[in-house]
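6 protein chains.
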Amino acid sequence: MGQRRTQLPDSRTTPRFAGLVTFGRYPRLADVAPACAPVDWAVYGVPYDSGVTYRPGARFGPRAVREASQYLKAYSIEHDVDVLEVLSLADAGDAPVSPYHPKQTLDGVADFACEIGDPTHTKLLALGGDHSIAYANLRATHARHGGGSPLALLHFDSHLDTVDAVWGERYGHASPFIRAVEEGVVDPKRMLSIGIKGPLNTKRDLDYARDHGVTIVTAEQWRAGGASILDEFKARVGDAPTYLTIDIDVADPAYAPGTGTPSVGGFTSAELLGAIRLARGLNLVGADVVEVLPAMDVAEITALLAAHAAFEVLALDAVRRSTQH
Amino acid sequence: MGQRRTQLPDSRTTPRFAGLVTFGRYPRLADVAPACAPVDWAVYGVPYDSGVTYRPGARFGPRAVREASQYLKAYSIEHDVDVLEVLSLADAGDAPVSPYHPKQTLDGVADFACEIGDPTHTKLLALGGDHSIAYANLRATHARHGGGSPLALLHFDSHLDTVDAVWGERYGHASPFIRAVEEGVVDPKRMLSIGIKGPLNTKRDLDYARDHGVTIVTAEQWRAGGASILDEFKARVGDAPTYLTIDIDVADPAYAPGTGTPSVGGFTSAELLGAIRLARGLNLVGADVVEVLPAMDVAEITALLAAHAAFEVLALDAVRRSTQH
Amino acid sequence: MGQRRTQLPDSRTTPRFAGLVTFGRYPRLADVAPACAPVDWAVYGVPYDSGVTYRPGARFGPRAVREASQYLKAYSIEHDVDVLEVLSLADAGDAPVSPYHPKQTLDGVADFACEIGDPTHTKLLALGGDHSIAYANLRATHARHGGGSPLALLHFDSHLDTVDAVWGERYGHASPFIRAVEEGVVDPKRMLSIGIKGPLNTKRDLDYARDHGVTIVTAEQWRAGGASILDEFKARVGDAPTYLTIDIDVADPAYAPGTGTPSVGGFTSAELLGAIRLARGLNLVGADVVEVLPAMDVAEITALLAAHAAFEVLALDAVRRSTQH
Amino acid sequence: MGQRRTQLPDSRTTPRFAGLVTFGRYPRLADVAPACAPVDWAVYGVPYDSGVTYRPGARFGPRAVREASQYLKAYSIEHDVDVLEVLSLADAGDAPVSPYHPKQTLDGVADFACEIGDPTHTKLLALGGDHSIAYANLRATHARHGGGSPLALLHFDSHLDTVDAVWGERYGHASPFIRAVEEGVVDPKRMLSIGIKGPLNTKRDLDYARDHGVTIVTAEQWRAGGASILDEFKARVGDAPTYLTIDIDVADPAYAPGTGTPSVGGFTSAELLGAIRLARGLNLVGADVVEVLPAMDVAEITALLAAHAAFEVLALDAVRRSTQH
Amino acid sequence: MGQRRTQLPDSRTTPRFAGLVTFGRYPRLADVAPACAPVDWAVYGVPYDSGVTYRPGARFGPRAVREASQYLKAYSIEHDVDVLEVLSLADAGDAPVSPYHPKQTLDGVADFACEIGDPTHTKLLALGGDHSIAYANLRATHARHGGGSPLALLHFDSHLDTVDAVWGERYGHASPFIRAVEEGVVDPKRMLSIGIKGPLNTKRDLDYARDHGVTIVTAEQWRAGGASILDEFKARVGDAPTYLTIDIDVADPAYAPGTGTPSVGGFTSAELLGAIRLARGLNLVGADVVEVLPAMDVAEITALLAAHAAFEVLALDAVRRSTQH
Amino acid sequence: MGQRRTQLPDSRTTPRFAGLVTFGRYPRLADVAPACAPVDWAVYGVPYDSGVTYRPGARFGPRAVREASQYLKAYSIEHDVDVLEVLSLADAGDAPVSPYHPKQTLDGVADFACEIGDPTHTKLLALGGDHSIAYANLRATHARHGGGSPLALLHFDSHLDTVDAVWGERYGHASPFIRAVEEGVVDPKRMLSIGIKGPLNTKRDLDYARDHGVTIVTAEQWRAGGASILDEFKARVGDAPTYLTIDIDVADPAYAPGTGTPSVGGFTSAELLGAIRLARGLNLVGADVVEVLPAMDVAEITALLAAHAAFEVLALDAVRRSTQH
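Residue numbers (numbering that gives the first Met the number 0), protein chains in the order written: chain A, 0 to 324; chain B, 0 to 324; chain C, 0 to 324; chain D, 0 to 324; chain E, 0 to 324; chain F, 0 to 324.
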């Protein structure tokens with residue numbers, strides 16, 4: 000068993016309850032010696048929630064997820080891979096934000112994200128914040144991959160997030176994917192939304208997906224055999240660059256009480272983690288985990304779930320790399 | 000897509016976090032112009048909990064469920080029906096109550112319920128309060144339908160609620176259905192209790208059901224294929240007037256911590272909502288959702304589940320009407 | 000003892016835990032017969048929190064304060080006055096809001112407020128929302144009183160709220176009074192801020208008050224005898240129209256955990272209520288109670304304190320009217 | 000320093016977080032060898048809350064207070080007395096209760112209480128439960144002292160509790176003292192109510208006290224020098240048998256969030272404990288601490304305060320006995 | 000239906016919310032008349048948490064589980080057995096503990112446990128406390144059964160608990176089974192660990208099981224059909240003395256937020272209780288339920304689940320005895 | 000107004016809710032350019048709680064206090080000093096810890112602390128952890144000042160912390176000062192303990208103070224005029240090196256619910272901060288703030304109070320330096 004590529008604090012003197020907090024106890028990006036090879040993934044936070052339509056507070060999400068991530072371990076028994084052995088990882092801190100001027104703020108987040116680590120090598124895992132920040136991380140990811148063909152998108156969520164505008168604002172948390180499609184960042188025909196559930200505002204909310212070719216799998220459909228649709232998606236997408244976005248409200252309020260627009264009848268944590276694991280094989284080039292709202296969380300369980308969802312993203316990439324070598 | 004029959008506040012200026020609270024943001028019954036056709040369903044609260052045997056506090060249930068219901072939307076993706084397009088809905092406020100004299104209080108609730116809206120047209124959805132209030136709403140529903148044959152009863156609960164008396168009180172929350180049967184309001188042979196689970200006080204608790212023909216499906220049996228018993232129930236009941244009663248403690252404490260007699264091993268929210276949806280086709284003439292205890296709730300998840308269970312009741316009626324036309 | 004001018008629901012059948020929620024169980028303004036004399040005070044909510052600089056969530060404040068206000072009673076033993084006998088009161092619902100475009104939203108709130116009840120008679124008590132909404136209610140109050148001389152301002156707060164702009168936004172919750180002074184709505188020389196405490200961002204935060212003549216009483220100074228400054232203020236202001244603004248964070252986090260920018264070392268609830276009572280005699284023409292953030296509240300104590308602070312405002316007016324007759 | 004008269008578990012092997020729970024870790028009354036001298040005080044619970052007018056749940060109060068009392072220590076630094084050295088103490092368990100039939104239940108509580116320990120020697124400290132249980136403990140205390148002259152009553156509370164009836168019920172938690180006076184158990188002219196505060200329902204709530212000679216000290220009056228009224232009361236009562244009743248809602252919601260009818264502007268814990276200590280010298284013959292509602296408590300602070308209030312009662316008796324010897 | 004062998008307090012006068020607390024309301028072992036036959040099972044607590052590696056606080060676990068157990072009933076509908084009819088049960092209080100010197104403390108616990116009831120008849124059910132206490136109860140159980148062949152072990156947990164030492168301590172909560180195997184108390188080849196899940200610290204954590212023949216079923220494997228492995232285990236173990244250990248963190252944080260090392264993706268309560276029930280037929284000679292951490296619990300749901308898990312252990316033995324007769 | 004000596008992140012792009020967390024948003028000590036002058040104060044955490052006698056969990060205290068400290072501002076209005084202008088400050092991270100072997104762990108903490116920054120210049124502010132860590136920080140502080148005469152000690156606490164040993168352990172949280180005195184680190188005759196309150200275990204707990212000359216001011220004495228004793232202490236100590244230790248449980252549970260041994264009747268936050276401010280003028284050479292237990296905290300209020308208590312320590316030194324120049 001090899002040396003780990005990502006070094007953590009020595010747990011004999013710095014237990015998991017000790018030390019300044021970074022995601023997963025990974026080193027700060029600024030502390031990774033520049034002579035080293037660039038890190039494979041940089042985790043960064045976007046403490047921004049001005050895109051919300053109901054409960055605000057996800058601006059405190061990155062802090063809560065980082066704190067819960069102190070208990071993350073490294074070896075995935077399900078994938079038989081040690082994430083820290085395969086990947087070099089770092090925490091890049093938080094993007095610049097202000098609560099006002101959504102478009103400008105998201106542009107600033109995208110600019111920050113474009114410069115993290117080695118743009119040609121380092122992949123980005125963003126911690127929200129509300130779902131509008133996915134638009135910024137998607138843009139940065141797309142740009143860092145040359146800005147060519149739009150990305151495929153695997154989307155776990157209770158909501159479609161393809162509303163054109165709310166209160167006249169086009170960059171809120173109900174709209175990230177409609178914007179990303181408009182800008183050529185995401186290919187709607189290779190977009191798969193898993194976990195959607197009602198009630199919706201109106202039936203018209205489904206029009207965008209139908210008209211643009213987005214595939215929707217409701218939570219009920221997933222349970223009744225939706226995994227085959229994911230397999231079909233994987234076959235169709237193949238090795239194309241794919242982005243993975245996880246809205247924690249895809250989990251039921253019992254598992255994710257700390258979120259802004261909770262949706263009853265959602266996934267158990269086992270269903271969510273299991274579904275992510277099924278994405279094994281995709282060529283993930285970026286990801287986000289969003290909508291953790293600590294003020295409504297209880298006993299940190301939402302943040303803990305989000306931290307583990309983020310871990311599963313890294314594990315997907317680690318197992319893909321392990322398998323390829 | 001037609002005009003909605005139930006008008007909500009304009010969400011552009013009155014977002015879901017704004018406005019005086021009514022169930023689902025539906026109009027107050029008193030505000031529905033009398034010249035209009037009578038509303039199809041009236042939701043009303045029964046802030047009463049003197050029937051409890053363990054934790055009190057469900058008197059605050061109607062208030063909590065109404066508040067959680069602000070986030071209810073209208074279109075059921077599972078049934079492909081927009082509840083607000085098909086149904087005219089209103090909130091009739093709370094029934095008169097006092098914590099003393101259970102029988103008299105429940106009589107007063109039934110009297111109040113009898114007079115809501117148009118007795119020959121408007122159906123009643125009661126929000127508890129403890130389960131004893133089902134007795135009152137059942138009586139009112141039966142009376143409004145002419146008081147003839149007893150109603151069929153579909154019952155989601157962890158408990159049987161057919162105990163004769165507790166501490167000498169015959170109208171507590173363990174007894175609503177034994178009373179309803181005695182008074183010819185419910186037909187025990189067309190009563191189906193889903194989600195029952197142990198431990199029970201004694202095996203004798205099962206005698207009433209056995210002796211009177213009530214069908215019991217335990218939570219374990221439901222998971223192992225109980226849906227077929229519901230199908231059989233639907234075939235047997237056909238178009239007969241049926242009442243639906245949902246004790247929120249049928250859901251596991253992880254999903255419904257805010258309840259008075261929590262029962263471990265209960266349904267997930269997906270199991271509960273899915274089971275209600277399977278009742279599609281029944282001729283529902285009244286319903287209740289009971290036993291929400293806000294003081295034990297966390298992050299409003301119990302109230303949110305109860306609000307959505309109530310929505311599913313309305314959706315069942317909406318889809319039946321849609322299908323019939 | 001006379002008939003009460005404000006009728007509440009009959010508590011024998013509608014106990015305090017029953018009924019649709021309005022502030023203090025007062026009638027909805029729309030339900031007060033138009034033939035009646037106009038109400039003396041209208042309470043309304045402003046569910047808006049886009050002005051915050053730290054924790055958002057006060058958009059849910061009006062709802063929480065109304066719910067806590069169900070336990071308000073009417074007779075002030077300290078002032079020997081029954082508020083419901085002296086005043087006719089109503090709840091005017093919530094102002095229109097959206098989370099974006101602060102200035103436009105506050106303009107909309109002011110427009111709404113200008114039209115409530117009888118503009119020449121009815122006084123306005125606004126429930127926040129964050130403190131930026133005071134700017135809107137101040138403007139409406141000033142306009143309804145003819146728009147002449149600026150109002151005197153009595154201000155309970157841990158913070159000065161005279162910052163010019165934060166993140167470039169000039170209408171946030173740190174700026175309502177600088178804006179109100181600029182627009183001639185408030186007279187800074189007759190503005191008294193009680194309960195200010197450190198640490199402040201920089202000493203420069205005090206410049207505005209020094210340069211414009213605002214009187215500051217820190218929490219420590221208040222305890223050491225600040226009441227005399229309030230007496231001096233009352234003598235100076237005399238019968239001039241005065242507005243009272245109460246930021247609940249003037250109370251210590253032990254009393255008001257549910258607020259956005261908690262300030263340690265604040266008033267006890269007895270100190271706060273006692274200080275408000277000392278304002279007896281002022282000619283109050285409008286008021287607000289702001290910054291209740293329910294997601295951080297515990298056991299409703301912040302909302303309960305805010306509801307009682309609002310009651311004390313009404314009691315001040317009631318006792319002034321009683322004394323004058 | 001003498002041997003302690005009350006033996007606790009050995010804290011070297013049974014720390015405060017270990018062992019079956021009794022109040023203060025005192026022995027169960029049934030375990031005190033009958034050959035011993037009778038215990039000086041027996042603590043017992045009354046898990047009953049059907050007397051409440053707002054939030055129920057105080058039936059779980061005795062259990063919570065006992066649990067919080069595990070951290071009670073024995074030596075009062077303020078009185079310089081070790082309670083366990085002076086007094087023999089025991090926990091007598093809970094009185095029989097049912098949630099129905101208030102009068103009969105309270106009669107049953109009184110009957111149970113009459114029989115505890117040695118009726119001619121053992122004093123009773125009851126843990127509520129709602130305040131209606133004071134009526135039962137008062138009756139038992141009066142009877143055990145021969146049933147002659149009515150007792151003097153020292154009363155800490157936010158509320159007067161001299162309402163004749165609520166919802167027609169004459170034995171609720173708003174009425175214990177009116178009943179006790181009617182039955183000759185309490186002498187209203189030697190009844191002192193400390194901590195009363197508004198708002199009250201109506202001014203008429205004060206009539207009973209005025210007409211019957213009850214002395215009222217509001218919370219504001221207490222802070223402004225009410226201790227002198229307590230001194231005067233002590234002088235007037237002298238050595239007459241006196242009962243002490245403590246409604247935990249006399250403390251502010253910041254200190255006692257876990258109570259049924261919280262009253263803003265109440266005592267700090269230091270004010271409450273200090274006030275009880277001032278009662279030193281009175282001839283206490285019985286007491287109660289009531290209205291702890293665990294479901295609304297946070298971090299056990301209400302129960303902890305109640306446990307310490309109960310301790311102060313015992314300390315008053317211990318110091319009186321110590322001083323007399 | 001026969002007389003119950005275990006007598007509970009009369010619920011007509013001592014409802015479930017009344018009375019001094021023992022597990023399940025069973026009699027204290029000291030109160031069971033010595034002339035009686037020895038009790039079949041004694042429940043005892045081990046309020047000790049110095050073995051933890053992350054969050055401490057399980058020392059308060061026995062108290063919380065006992066309190067939650069007040070709502071336990073007796074008749075298992077799933078097994079059709081009344082536990083109180085078949086078994087005589089008692090609560091033996093808490094073992095002696097101190098937070099220091101883990102090995103000595105656990106030795107003391109084992110010594111205490113060896114002496115409970117009739118060592119040749121009474122079986123022991125220990126309530127933790129952290130998982131290190133299983134080592135003590137295992138040793139006592141083994142000794143009481145003659146100390147011969149090592150016990151078979153059925154183990155529900157998210158973690159393997161076969162780490163040699165943490166911070167140099169060999170008796171912490173990650174090590175109970177490695178110690179028990181070393182001492183000949185447990186046979187690793189007849190040890191089945193169900194519910195294991197990642198991430199683990201390193202792949203090397205699996206070495207012990209592989210090298211010693213422990214069978215591991217991950218949570219994912221269990222859902223995919225692990226019950227057959229349990230059947231195979233039962234066939235292999237036959238009638239041999241078997242110990243059952245349940246770490247509550249095998250349940251997902253949504254069901255067991257109150258635990259020290261929560262593990263995302265765990266069992267639902269229905270999965271956990273169902274899995275325990277499948278152990279029917281094993282010759283259980285001792286058991287424990289551990290790792291309840293009340294300070295992180297919400298609405299008592301973790302404690303409630305633990306109490307019911309303990310009940311299921313008793314039900315397993317009751318149904319085995321019933322079936323044999 | 001001068002340039003600040005301690006640079007914080009730019010709040011325009013890194014608001015207080017953004018960025019990796021350090022105490023007060025101060026730079027990490029490792030990031031302060033070595034060419035700079037040494038920092039004046041280094042804050043470090045000691046995530047250790049194996050010294051507790053009741054509730055554990057303070058190991059998570061440093062993390063919680065750092066998070067609450069994000070809202071700290073810089074200008075003390077009470078002292079008229081800007082801490083960041085006068086002092087250069089940094090966060091040195093956490094000391095090495097393990098939960099076992101208290102003495103060795105505390106030795107390791109002291110060793111770590113001895114090496115922080117410039118031992119001849121940088122002062123140490125330790126964040127607990129339980130109070131036993133004061134022993135380690137005291138030793139390091141004493142050593143860094145040459146190890147000569149014992150330090151004077153100003154001590155805010157509800158407890159004396161001069162117990163010789165608990166469960167045989169001499170380095171627990173009840174014993175730091177008895178050890179520090181024994182080792183010549185603290186001079187008991189210049190030790191002042193403020194806020195002590197009962198009940199105590201026994202009167203003998205006072206013997207140590209009496210026999211060694213420690214001055215005790217109870218909470219009651221403080222309120223009745225204890226400030227004069229502090230003045231006398233300051234006069235007596237003069238310019239001698241003085242250490243300040245603050246156990247957050249000196250504040251009442253209403254203000255500090257999140258602590259391990261809460262003590263009823265404690266200081267309000269205003270009393271605590273005011274008392275610290277009165278220490279102005281002392282020559283502080285080190286300090287600690289301890290016993291924050293996040294799992295029992297509500298709405299972060301305990302952590303917020305602790306962060307502000309730490310700020311007041313820095314302000315004391317800043318104002319002393321400002322005054323001297």
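Just so you know, not all the hints are guaranteed correct.
If several chains are the same, the list does not tell them apart, and a pair holds so long as it fits within one copy or across any two.
Stated by the list, open to error - Heads up, simulated EDC-like pairs for lysine to aspartate or glutamate below, C-alpha to C-alpha not over 20 Å straight-line: (1) Lys202 / Glu77; (2) Lys102 / Glu231; (3) Lys72 / Asp9; (4) Lys233 / Glu182; (5) Lys233 / Asp186.
No wet-lab data here; the hints were simulated from the structure. Computed from a prediction, not measured in an experiment: that's the story for all the values here.
We went through each hint and held it up to the structure:
In this assembly of identical chains, the alpha carbons of Lys202 and Glu77 lie at most 20 Å apart only when taken from different copies (11 Å versus 39 Å within one copy). In the homo-oligomer, the alpha carbons of Lys102 and Glu231 never lie at most 20 Å apart, since the shortest distance is 35 Å inside one protomer and 50 Å across protomers. Within a single copy, Lys72 and Asp9 get their C-alpha atoms as close as 13 Å, which meets the 20 Å cut-off; across copies the closest is 33 Å, which misses it. Neither within a single protomer nor between protomers do Lys233 and Glu182 lie at most 20 Å apart by alpha-carbon distance, with minima of 24 Å and 51 Å respectively.
For a Cα distance limit of 20 Å, the shortest separation of Lys233 from Asp186 inside one copy, 14 Å, qualifies, whereas the shortest one across copies, 45 Å, does not.
In summary, the numbered hints that this structure violates are 2 and 4.
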